[in-house]
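Protein sequence lines correspond, in order, to chains A and D. Here my numbering runs 817 ahead of the position in the first sequence, where the first position is 1. Here my numbering runs 14 ahead of the position in the second sequence, where the first position is 1.
Careful: at least some of the hints might be erroneous.
Facing chain D, a subset of chain A residues (Cβ under 8 Å, in silico) [to be verified]:
(1) 980
(2) 1071
(3) 1074
The set of hints was computed from the structure by calculation and includes no laboratory data. Quick reminder that beta carbons are idealized off the backbone N, C-alpha and C, glycines included.
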Amino acid sequence: MGVVISLAWREYTRFIRQPHRVIGSIGQPLLFWLFLGSGFTGSFRPPGMEGVTYLEFFYPGVLMMMLLFASIFSSITIIEDRDQGFLQGVLVAPVPRMAIVLGKVAGGTAIAMLQSLLFLLIAPFVGISLAPASLAMVIPILILTSVGFTSLGFLLAWGMRSTAGFHAVMMIFLMPLWMLSGALFPITHVPGWMHWIMLANPVSHALTLLRLPFHAMPGQVVGDPEFAVSLAVVLAWALGCLYLSMLRVRRVERGVPVSSSN
Amino acid sequence: MIDIRNLSHTYPGTRKQPPRAALRNLDLSVREGHFCILSGPNGSGKSTLFRILCGMARPSGGSVEIAGHDLSRDPMAVRRLLGVVFQSPAVDKHLGVGENLAIHARLYGLRGTEAALRREEALEWSDLRNRLGDRVDTLSGGLARQLELAKCLMTRPRVLLLDEPTTGLDPSSRRNFLDVLRRVQRERSMTVLMTTHIFSEAEDADFVAILKDGVLLAEGTPQRLREQLGREVVVISPRDPAALADRLSAELGLTPLRHGDELRLDEVEPAETLALLERILTRYRPEIHSISIKQPALEDVFIHITGGNGIKANGANGGNGS
Ligand SMILES: Nc1ncnc2c1ncn2[C@@H]1O[C@H](COP(=O)(O)OP(=O)(O)OP(=O)(O)O)[C@@H](O)[C@H]1O
Ligand SMILES: [Mg+2]
């Protein structure tokens, strides 16, 4: 446990010591939200969502984007740690392999939560109202989703040797996960094939969880059957990725078996 | 303490590259409390051996036991005993010296006052004591290297592996580093396995092993290895080097080599050295200031055994000189 905390602390400290990173990680989603949100508000009229402006609709989607970027950032540090040698020191230390995964994931999640909390703090000033009870529900959902994202990033980045390779993965795999999650447009009015992809996408379910408290009180939310299904999917996603990451860390490179010829 | 038996390692090939054998049927034992030096030409498999010893690669065949624990069956028990100094840095450049030591302490389960005491102890010899707050990327290369060693001493490993720890250090830092390493090693009777290409570091080791192409070519105490070379050097310092060189070759049929004001007779069989000395002294005593017999240095042994500089290698036993 001490190991997890100190590895996570390292992650968090390194982030906090780069003020431009902190500002950028908040400012970029905020601008994204303001420009896209304001631009689409005029034309956004999906049937059945009459009372909702695009700014309100897009707000949870931007929170999700912050979690995604925090996870990408912490995955890239895995590749840097390997490259700069820090990782080899951790690997030969007498710590459970799961602690190495959890340290990274907890660090990435802490960074994501710091960003999310700052973003939630400014919500009232930009016209998004969230009751304290709903806020109390949003936070654990954000944490769970962040664990899912960071451990997925961990799994993808562990075997990689270059950050350039990871950028490719990020563009063709991680970004589409977010784009097809219902963050930008509602899942209800898309072509059939896309609907199925979106339903299979765990990020869609995370977003469903995150959206509910914005529109209903926690009491109602918990009773919603959609909530139970999405919670199960997101839990399975997070735990599955954590477990696979541990297996990945445990696997060491092997020599090929000796052949008789020389 | 470290028992390596019949160890082989072959890196898997790719489409463009055939599989490469890095270690072949290696047997090596390092006794408890010994300071053992491993050397060998570039690409001979030293780092591969280290990767296997610290559990970062699983060998193709053979077994490794460290302090009685089988490495493949109980890697965790081995990790608890082990300290590793990698050839490349293994610290976080973006954090401070103290912070790096703190993380390292936590990785090895040290906390509170215990960790603070160990840190004092590990830094006591170093130049880092009043630089705990400095970021590692503001340290000089040698100071960063001292941090690596301090880190490993802090956990009091029973077995310490060092892969070319002194590369990039200036001669005086290297001396300091090795003096401390040797002192700590003796005080705690720590088992040390260290690779190096610098043979002055190996002269006072307990044991030296020389690897080439994944095969152990020679092993033993530095003294024994030098004896195995089976040659001694006679060094003469004459009044007139040129004149004496001519007379030695004309009258005794020798081939002296001139180094400055000295004449050297290389490749002398130890059994003949004294007789040769006597012959030279009886004939040329008035011409000579001094004359001495010199043991070959380990570096000469290395070059001889690994077949560098065109000298033909004569195998692991080195028994019959060429
Ligand atoms: N990842 C790898 N894939 C394939 N072959 C490798 C790999 N790493 C090392 N080798 C090969 O294995 C052999 C032994 O390499 P190793 O790094 O163990 O040598 P070394 O003795 O440490 O050399 P040096 O003195 O230069 O550090 C070399 O032929 C090398 O090319
Ligand atoms: Mg090497």
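Problem set entry | Violated hints, by number in ascending order, as checked against the structure | 1
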